[in-house]
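Below, each chain spelled out in residue letters.
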Amino acid sequence: MRKMPGKEPLEDVKDGKTSRRLAEVVDGFKFQPSPNSCYPNGIHNILKDLSKRHGVGIGLSEQRVNKLVGYTERLGPRLNVVVTNLNAQLRKADYRCGEKTSAKYSELLSILRDEEQSYPLVGVAPDYFNEVAPRYRTVGSADDHVLICLKLTEEEIIVWDGYIHHLGASVRVEGAPGLMRLATGRFLELWDGAWDPSWVFWISREKTQATTLIDFER
Amino acid sequence: MKITLERGLYDAKVVLHELRRDISPYLYQNSTQRSNGKNLLTVGLGIQEPILDHGDEGLVVRFLSLDNIATYEAQVKGGQLVVEGPSRRDVDRKAKDRYDAIVSKSHRTLLPILYGRLVRIPEVSIAMSPLRRILIFLEETGHISPEVIQKPHQSVSRVERYFSLLKELGYIASDNGGYVPGSGFSELKADAVEPPELYERILGDVIRQRSKYLQEVLHWTMMVPFLRWSNVYYLPAYAAGHLLRSERRELVRNYSRYYRARRTEAETIFQLQRTVDVGALRREKPFYLGDPTLLESYFRSADEAGVLDPVRRS
Numbered sequence: 373m374r375k376m377p378g379k380e381p382l383e384d385v386k387d388g389k390t391s392r393r394l395a396e397v398v399d400g401f402k403f404q405p406s407p408n409s410c411y412p413n414g415i416h417n418i419l420k421d422l423s424k425r426h427g428v429g430i431g432l433s434e435q436r437v438n439k440l441v442g443y444t445e446r447l448g449p450r451l452n453v454v455v456t457n458l459n460a461q462l463r464k465a466d467y468r469c470g471e472k473t474s475a476k477y478s479e480l481l482s483i484l485r486d487e488e489q490s491y492p493l494v495g496v497a498p499d500y501f502n503e504v505a506p507r508y509r510t511v512g513s514a515d516d517h518v519l520i521c522l523k524l525t526e527e528e529i530i531v532w533d534g535y536i537h538h539l540g541a542s543v544r545v546e547g548a549p550g551l552m553r554l555a556t557g558r559f560l561e562l563w564d565g566a567w568d569p570s571w572v573f574w575i576s577r578e579k580t581q582a583t584t585l586i587d588f589e590r
Numbered sequence: 019m020k021i022t023l024e025r026g027l028y029d030a031k032v033v034l035h036e037l038r039r040d041i042s043p044y045l046y047q048n049s050t051q052r053s054n055g056k057n058l059l060t061v062g063l064g065i066q067e068p069i070l071d072h073g074d075e076g077l078v079v080r081f082l083s084l085d086n087i088a089t090y091e092a093q094v095k096g097g098q099l100v101v102e103g104p105s106r107r108d109v110d111r112k113a114k115d116r117y118d119a120i121v122s123k124s125h126r127t128l129l130p131i132l133y134g135r136l137v138r139i140p141e142v143s144i145a146m147s148p149l150r151r152i153l154i155f156l157e158e159t160g161h162i163s164p165e166v167i168q169k170p171h172q173s174v175s176r177v178e179r180y181f182s183l184l185k186e187l188g189y190i191a192s193d194n195g196g197y198v199p200g201s202g203f204s205e206l207k208a209d210a211v212e213p214p215e216l217y218e219r220i221l222g223d224v225i226r227q228r229s230k231y232l233q234e235v236l237h238w239t240m241m242v243p244f245l246r247w248s249n250v251y252y253l254p255a256y257a258a259g260h261l262l263r264s265e266r267r268e269l270v271r272n273y274s275r276y277y278r279a280r281r282t283e284a285e286t287i288f289q290l291q292r293t294v295d296v297g298a299l300r301r302e303k304p305f306y307l308g309d310p311t312l313l314e315s316y317f318r319s320a321d322e323a324g325v326l327d328p329v330r331r332s
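Residue numbers (the working numbering), protein chains in the order written: chain V, 373 to 590; chain X, 19 to 332.
Just so you know, the hints here were simulated from the structure itself, not pulled from any lab data. Just so it is clear, CB atoms sit at the ideal spot from N, CA and C, and this is done for glycine as well. Just so you know, not all the hints are guaranteed correct.
With a cut-off of at most 30 Å between alpha-carbon atoms, the simulated DSS-like pairs for lysine-lysine come out as follows [to be verified]:
1. V/K424 / V/K389
2. X/K31 / V/K476
3. V/K439 / X/K112
4. X/K114 / V/K439
Here's a subset of chain V near chain X, in silico, CB distances under 7 Å, partners left out [what the hints assert, rightly or not]:
5. N408
6. L447
7. D515
Construct the entire structure; sequences and hints are all you get.
Right under this line is the structure:
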């Protein structure tokens, strides 16, 4: 990860949603057990956070999430069923999830600032790995990766990456394990360069959905 | 599996996009062709298998691609694009079978190369001793009958299995109620291969050609843990193309992936140490490394056997 001179230490940075220190936000996040379980792992973690923040029991175990998203070890998640199956569960508690491709920077920012919504998941092109682990050479066709966005400004984005422990101890840890920062410009390229360009996934309380959907479908 | 798209034209990219959403996001296009008025799209599956190497060249993360895993037909019907082909379950099963076949092939390739190390394991040496005795007796006297190696209270049929094994492979031949050296034995002698290498080569070939029989019929299961803990190093090294420096947790992860089984920490440490003790792996704490000679032999044999033929590596 490129060092950004003069930047506040990651552990002290506060998120734009709840003004909590990021180290506190990600405390309890679980790293993905398999190299290709970034998406269900991300869902598990943001549900856990939302559940804690809102004081509601909407958390789902990783096994449950895996089942809902049709995850298998070889094929990964079944993308077509994720939102439908998850919503069938979340609706019971008046929550709902959604996904969108070709999302805008402003839309991502909006989700990140809204306390009623989860931290969003984003997909990035595999070149991302060259950013976070410059000592690594990536050989072969890597796939897109899913990250949890925690904070976004015009200068930088801070994400949490559940894959990091698969890369061994050589990835420099800044702040709590899993926290990564990228220049926003570079992030937007990686985000748009993914197979589903500028894809975002989020979860929110049902009562806020109307506003959210109107904004997104504009 | 059938997907219907509101499109009047075939576009491989669109079909692939839908397949990635419905089957797996790790599918990629292998080839497209047209046959009998139908468009065929053959896809492969990306294997997320980072191979960490703590070597001098820096860390390498490699991803493997399992080519030609499924073919889908797409045709335009009534203004819609209809895509048909294997279900998600079928693709998963095919990927599992293909992956398991790679692991099995690697075992078959690795086993005879490790033979010299295998026999250092006491249980394996004991299990192979009846075969070795047959060969030694033949070399010394030119003829052997089953009674020579039959132990008291041991059934004839059990002893005959060893003779049948060597006879099938041409190392011994029937003669007057007993056995004499077969063509395989004689050819090695003609090439000036003398004991003990003579016995090593023959027994190594028995292992190579009859490993499934040895394990499943003769129940020589003592080879299995040793073979597996060697394979979790050598197969990734082959995929990487060079000697790896691997930490224990990486070998454990490989074990879990290849065999869909977990071992306790204690068992892992003991089995890995055993593998080091017999010289199949080396230890430079905290890393495990392969033996360069074994590695070279394995690479050569794996190339010949096409261990990773279904996989595109770069």
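Taking the hints in turn, this is what the structure says about them:
1. V/K424 / V/K389: Cα-Cα ~14 Å, so holds.
2. X/K31 / V/K476: With a Cα-Cα distance of about 24 Å, the restraint between X/K31 and V/K476 holds, given a limit of 30 Å.
3. V/K439 / X/K112: 20 Å, holds
4. X/K114 / V/K439: 19 Å, holds
5. N408: 4 Å, holds
6. L447: 4 Å, holds
7. D515: 5 Å, holds
Taken one by one, the earlier hints all hold for this structure without exception.
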